[in-house]
Amino acid sequence: MSKIKAENVNVYYGSKQALFDVSIDIAEKEVTALIGPSGCGKSTFLRCLNRMNDVIEICRVEGSIKMDNLELNSRKLDVVRLRENVGMVFQKPNPFPKTIYENVAYGPTIHGIAQSKEEMDQIVETSLKKAALWNEVKDRLDEIGTGLSGGQQQRLCIARAISVSPEVILMDEPCSALDPIATAQIEELIDDLKKEVTIVIVTHSMSQAARVSQKTGFFHLGKLIEFGPTDKIFKNPDNQQTQDYITGRFG
Amino acid sequence: MNLILVTFIILLAFTSYYFGRKKALVIQSSQRLTALPKFYGYYLAAWCAAPALIIFVLWSVFEPSIVKTFILQDYTDQNLTKNELQLIYTKVKALAVGTYTGNITNFLDESANKYIQLKGIANSAKVAIILAILIFSLSFAYRSVQKNDRMREPVEIFLKWVLFVASLGAVLVTIGIIFSLLFEAIRFFQAVKIFDFIFGTHWYPAKTFVRDGQPDPELMKDAFGAVPLFAGTFFIAFIAMCVAIPIGLLSGIYLSEYAGRGVRKYAKPIIEILAGIPTVVYGFFAALTVGPFVKEIGNAMGLEVSSESALAAGAVMGVMIIPFISSLSDDVITAVPQNLRDGSYAMGATKSETVKKVIFPAALPGIVGSILLAVSRAVGETMIVVMASGLAANLTMNPLESTSTITAQIVVILIGDQQFGDPKTQSAFALGISLFIVTLFLNVIALSVVKRYREKYE
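Chains W and B supply the protein sequences, listed in that same order. 1 is the number of the first residue of the first sequence in my numbering; add one for each residue after it. 1 is the number of the first residue of the second sequence in my numbering; add one for each residue after it.
Quick caveat, the hints were computed from the structure, so don't treat them as lab data. Do not take every clue at face value.
In silico DSBU-like cross-links for lysine-lysine, where the CA-CA straight-line distance does not exceed 30 Å [what the hints assert, rightly or not]:
| id | chain 1 | residue 1 | chain 2 | residue 2 |
| --- | --- | --- | --- | --- |
| 1 | B | Lys-356 | W | Lys-117 |
| 2 | B | Lys-38 | B | Lys-114 |
| 3 | W | Lys-3 | B | Lys-351 |
| 4 | W | Lys-5 | B | Lys-351 |
| 5 | W | Lys-130 | W | Lys-117 |
| 6 | B | Lys-265 | W | Lys-16 |
Chain B extracted, bound-state conformation (with noise of 0.2 Å):
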């Protein structure tokens, strides 16, 4: 019904575009046309088109709760709880479409009842005050076209709060996911102290269930220290960068100054090629391949290597980071102006001095902003880490051993079964957002280092 509603529209939209057009190119012969031929088109399409699709998007959106209102008006006297009407409501539902299987008591089928009549009438009256609308907004467009009036103007406004609504919409998504982490993580910060979070030392939710009842507040206390994934963190994406930035960088710089047409041309895109590879395949070949060759060397020198080990995701991920800062600065570099080569050339310094000199300080900003991306990608890795860095969080600067990230701790702790409610559950928003304020941080810091070299080069 809804799918045949809103073809139906922008069909009509389209249709009365060509309409428009059509109209544009009589009132030609008469008199001098005010716009293009195609404003009309556009004119009258928006017309058709954008006040009954607001209408239909505000009914689907208000419609189901005013529908749930109704409904419940019949159970105000029993007293109920909002999560047993909750229940009722969805009975009710279930009956009127025919999937419900538990037992149906009197009460409930006439509410099924009431409910489909409801939601009968609710579809004939948003097809009749859609249809309406339709006719009476096309009406006023059409008389406007008709009067010759200025047709530019409007088509220009109407655009802009296209636009302006694409943006409101991502705006508020995002305000809206910031706000969803940071009320789940005040739920969380309820049952845990705040200070135990930031600066606990041990990790491990898992000794925080309890079967029907309330976990013991000491255990609480001791359970959810981030201490340990925020350091695993950045030990691995430490020694991810330290793999990264010298080969990403440095092959950047061959590619841009040194690599002849021929070499770039192919080099290039195979290096890009491995940005394209899924990050789990990184991760088993973390696991299966770098994790036991590890491990191996490690103990032929008589170490004791764990085989989930930090240094073997924190590799692995490097190499997966390397086309970031390769593709990226070579980018960079080769956007630096000629003129400035040319210029360090006729001073006769050779190619490594023109490099070292003068190119790398004028592409210093984008390069650090290639790393500062680069670190945001592996801050947030979460599937190498998972897969080959292991999943308990210790406390550790070893990198023969096993440690865990924030990510990774996600993962943990939402997959399998969980109960909303549960502290363990909520932690993950509260790792989340602590997350998120990490690289906010991180970027905003970038951002200022940058623009200060960006000031000081130009």
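Just chain W, same shape as in the assembly (with noise of 0.2 Å):
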């Protein structure tokens, strides 16, 4: 089933195209990898789907990207609505500079979710544990983000975008300021979310699209490429360029 439709999405910087005509299906519950080499517009076609680019001033969306069929590119939507729906966890984990419990209460208090404090209580709890972060820090909830480890911070990123429910997260490169074993942390509870929610991944690691993602998008200068499962992107692509990018020979 389809949770995100987007057709003909361009994206331009000031007189810079970014996105050419992009088309893509994302399917519910599932994880869709998105791959390419640098400046591809992998991150530009993300950023798209919570509205971030509203933050780029020179930035211009066209064309039209549909969640539920709710249109997100039209000026009319409530883009805090949208944001509430569609989390996003960033490349360098970017906690707050508040306490554990804070940084995973942000969201819910700015959205008036938790009634009381019992129920704050529990969302934070039932958050962090679905980040699998509940063990480490749960003698620490007083203490400042900022002073975890940077495997752990991008794990409290995970709970604060997890923290409202979202239907979507989006992840853009999550585990690449990450040691290896973080990096494998992350992927598993990658795994375990999809159960509830729809994820999109950026990625510079083909291992990681191949091991987490269903499906998988290849993007090269603006354009996607080709889309399908993961399966067959790695193993028989369509396309000449994606078989070259797959096996190494650019990128």
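Grab the two chains, each in its own frame, and use the hints to assemble them into the complex.
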């Protein structure tokens, strides 16, 4: 079942075009990986899905992106509501300079989700458990989030993202700043999360894409070259460019 | 004479730089250099200039006192006091230069001749010694260059010492200022009890003025109470901060987070112009425009308002301080990493929520720093207070009355005629050092607060 349907998306930074006619169907409760060499537009596309490109003054998005038949690329869209539904995890772990508890409680607070302190405690605990961080931090929830290790910080960011129970989580190279052990933990986490959430992950690591995703899209120079089941993309791609990239001949 | 000598040393140093470098290029043709050719130049130049200049400075410092001792030797049998001796020496010097207008006694004339003679000897000796040192040190250095000794290390050590002397100078000047303040303040506290100074509530130093003779100790007790001045200082600073913190902070947040690139490009320099206006201009603006305006409004509301009011001075001072806070907090907020903003926006936070909950706390140490800088500016500000808030040291908490500050009173004490040994004059030093202690204390508190926040947020 399709969760997000993008049609003919074009993105411009000023006069420079970054994405060309990208059309893609992202299935519900699956992991979709976007791969491709640096500067190919995969992150730009990801940021269209929760309107993070709004933050960049010179950025302009054209085309249609529908999530459950709701047009995302519309002036009328309530961006706050959208971002409550579509969480995001960034390349570099970016916990707020607040306590671990406050980091996770941030989203529920601004969206008015918890009615009482007990409810908030419950949300924080569940989110941290889902992010596989609870056991490590349950005794020091009032310590500063930035004091954790890199991998823990990134899991804290994931806990923060899932605290508002989003339907979609976008991940922009979530493991590129982490060591192999932390990466393995995050990948395991992604596997667990996909039972409840639709995940779109941008990654530089092809092996990671092969490990965690069900569908893979290959971007090159702002175009979506090929999109299909991960198995097919990695074993028997239709396109020569995809074949070359997968086998490490460029990129 | 001195100017020619120094110019000569410096020119010689430049020449020896080129000479040293050239020599290095010659050495290069036969053997490997120990450093780049310019180090050979630096080495020669340093050996040329440094010893000669050091001797020159030391000579110039000690020469006058040595000459003075020689001259005053002739007067030792006359049983004169220190002040009288000083007076004689001044007369002798004036006579020697030809600016003396009083009676010329034989004795004085003789001393003046002796003075001229001594000066002449000293001058020739100075030139001779410095030339000798130049020749000696240059030939020593040149031999090193010829032997192709290691050049980098001595040059680096020399530079380290130059930097050390510069920092030492700064430290010594600071210490010197503190001690001169301290000594005069101690002399003041010999005349006035420290308790009366710190806890006294009347500041009226003019009434201790007595022609020829010691002022009445009873009067002294009641004339130098610094409480009204400290109260006035902090009161006016408080009014200024009430104006400057909200406006400065909010405009800083606007400029860094909300304003478009176009607005920021023009608005920021315009706000910073406020910091470039001389305080005197603010002063008469406060005295001639804001003061009467406040008085008029107050009168219209049936309040009694002095035309020189703490409110006018404080408000204008606040305007003066706005750019400090807005510009610094703008910089600090802009420096908050973009990924924190992204994280907050991606959670669905609005701009104001992001500013309030993420950016402001992250920037707080810097913001506190800028505010404390502004407070010390406000406490030390003089001109606006002198012009707009009057000179009468009233102990009041009514912003519509006139009051005075420590800095303004120092001005009052030190303008016009004053006698150095007078407690009235010395009280300026006592005020100065207490102001210094207060701001030092504020800074220490500020730094520890900032440090604690920083530990928490990094």
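Hints, verified against the model:
no.	hint	in the structure
1	B:Lys-356 with W:Lys-117	holds, 21 Å
2	B:Lys-38 with B:Lys-114	violated, 49 Å
3	W:Lys-3 with B:Lys-351	holds, 28 Å
4	W:Lys-5 with B:Lys-351	holds, 28 Å
5	W:Lys-130 with W:Lys-117	holds, 20 Å
6	B:Lys-265 with W:Lys-16	holds, 24 Å
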